[in-house]
Amino acid sequence: MAYPDDLRYSKEHEWVRVEGDTATIGITSFAADELGDIVFIELPEPGTTLTQFGTFGVIESVKAVSDLYAPISGEVLEINEALRDAPELLNSDPFGDGWIARLRPADPAEVDALMDADAYAAETA
Amino acid sequence: MSQAGTLRRTPLHELHVELGARMVPFAGYEMPVQYRSIIDEHRTVRSAVGLFDLSHMGEVEVRGEEAVAFLRHAVVSDPARLAVGQAQYSMLCDADGGIIDDLIVYRRADDRFWLVCNASNREAVVAQLRALLEHGDFGPDLEDVSDRTALVAPQGPSTAALLAGLTDLDLDAIATYHAAEGTVAGVACLVARTGYTGEDGFELFCAAGDARPLWEAVAAAGEPHGVRPCGLGARDTLRLEAGMPLYGNELDRDTNPFEVNLGRVVKLDKGDFVGRAALQAVQQAGPRRKLVGLQMIDNAIPRAGYEVRAGGEPVGHVTSGTLSPTLGTKIAMAMVPAGLAGIGTAFEVVVRDRPYRAEQVKLPFYRRPRD
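Here the protein sequences come in this chain order: A and B.
Per the working numbering: the first sequence = residues 1390 to 1514.
Per the working numbering: the second sequence = residues 10 to 380.
If you are wondering where the hints come from, they were derived from the structure by calculation, not from laboratory data.
Among the hints, erroneous ones may be present.
[As the list claims (entries may be wrong)] To give an idea of the chain B side of the interface with chain A (calculated C-beta under 7 Å), a few residues:
(1) I48
(2) G242
(3) L332
[To be verified] Cross-link-like lysine to any residue pairs, in silico, SDA-like; alpha carbons within 25 Å at most:
(4) A:K1452 <-> B:N308
(5) A:K1452 <-> B:E316
(6) A:K1452 <-> B:N258
(7) A:K1452 <-> B:G252
(8) B:K276 <-> B:V69
(9) A:K1452 <-> B:G37
(10) A:K1452 <-> B:L255
(11) B:K276 <-> B:G107
(12) B:K279 <-> B:E70
(13) B:K279 <-> B:G148
(14) A:K1452 <-> B:L16
(15) A:K1452 <-> B:Y365
(16) A:K1452 <-> A:E1477
(17) A:K1400 <-> B:V33
(18) A:K1452 <-> B:K371
Every residue gets a Cβ at the ideal spot worked out from N, C-alpha and C, and that includes glycine.
Sequences and hints are given; from them, build the entire structure.
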């Protein structure tokens, strides 16, 4: 499976897209498929500080409750409010309209240490 | 018995894999939990027809002259009331009234019955029946036929229309909770109008070796009806909307039928049976606890095991909960003190250490439209 090559990926199946001094994060299509139909998401308020690989929210499919892990550290600038009413966006467009949050990254080096698309494809093969 | 760590497979295992099912361990079996989407599968059953493999379930045959007398003694319902070709929801209880399993009793002939039980309880059911045979005055034959029996279950409003093209049986003559012996797509079946989804539907019991041709014939004939294979995930959300209990969630050895609103299944007037004294005492005093339906007011999904509070105090627990695909609301069944139960009563469900408001609503959450 091919993944967008402008993103970086964590072992916990989150992605990061850096644009200027902000970073957008979300879950990968692999994670969304594994979870099945996503019906609920609980997210932190803007202003919350996330720690890399720490839990920052909860995602629920029909059958299971899973933690969300921050792929990088940073302050939450914005969360995707559309997910409250339409959590299915996480399944239908995980790399696009199903984005989860925008952050101000604390340390650009954390992003560089994440997997690129090829490494993530190998990881999930 | 299966060996520890080894999962059994149903006769349809390879077909599930070919269909791309996600297989999970369930009751000692490797079972399909979903094929593509639990919500899509759920909606297919509510609107058209979904096809389930339930071959993991247990089937126990009881036959002989004393079959009726034995079953009247063993289960809480009264199988003597069954005509041939009729079925009955029932339970096997311990002497203390605790539920060993819930099951369906089918009368296939005057002296031949099938008990269809949960896969997880098959050994317990057979052990209880054998113990009663050894200690009682009854002599029917008892045989666990689960391994040579498969169960293919098309469920949903289009099921009868689908099956009509595959059988000579007059399906209109098979009422709900009735069954007939016949063939479907040339396969000898017990054709039962039973199910666990809250929809019209059938359960087709056949020889294990016939399961695949039967499934494929039903799937092919079902194409114009929009049939889809459905897994245990949808089965769980369907039965929960329909307010049906699941053993291990709503039912267990520490729970009696009256607590789960199934006192009507218990026939105290049929003479002595296992658990009668204990169940009569519960009936007279009233159950201490009661299974209730909850609908969330706040935005959180209740799940099995979550604490239920009333006025801030812990009073019970959620037995099953989900986002209802049909209603779009967050629903749960919960066990609470009987004295607190009442439609409209305010409860809270604790989700990740925070209480969320819920209100008691009528069970079932969903009732199928009937003409």
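Tested hints:
no., hint, in the structure
1, I48, "holds, 5 Å"
2, G242, "holds, 6 Å"
3, L332, "holds, 4 Å"
4, A:K1452 <-> B:N308, "holds, 17 Å"
5, A:K1452 <-> B:E316, "holds, 18 Å"
6, A:K1452 <-> B:N258, "holds, 14 Å"
7, A:K1452 <-> B:G252, "holds, 17 Å"
8, B:K276 <-> B:V69, "holds, 22 Å"
9, A:K1452 <-> B:G37, "holds, 19 Å"
10, A:K1452 <-> B:L255, "holds, 15 Å"
11, B:K276 <-> B:G107, "holds, 15 Å"
12, B:K279 <-> B:E70, "holds, 22 Å"
13, B:K279 <-> B:G148, "holds, 20 Å"
14, A:K1452 <-> B:L16, "holds, 21 Å"
15, A:K1452 <-> B:Y365, "holds, 20 Å"
16, A:K1452 <-> A:E1477, "holds, 14 Å"
17, A:K1400 <-> B:V33, "holds, 23 Å"
18, A:K1452 <-> B:K371, "holds, 23 Å"
Of the numbered hints listed earlier, not one is contradicted by the structure.
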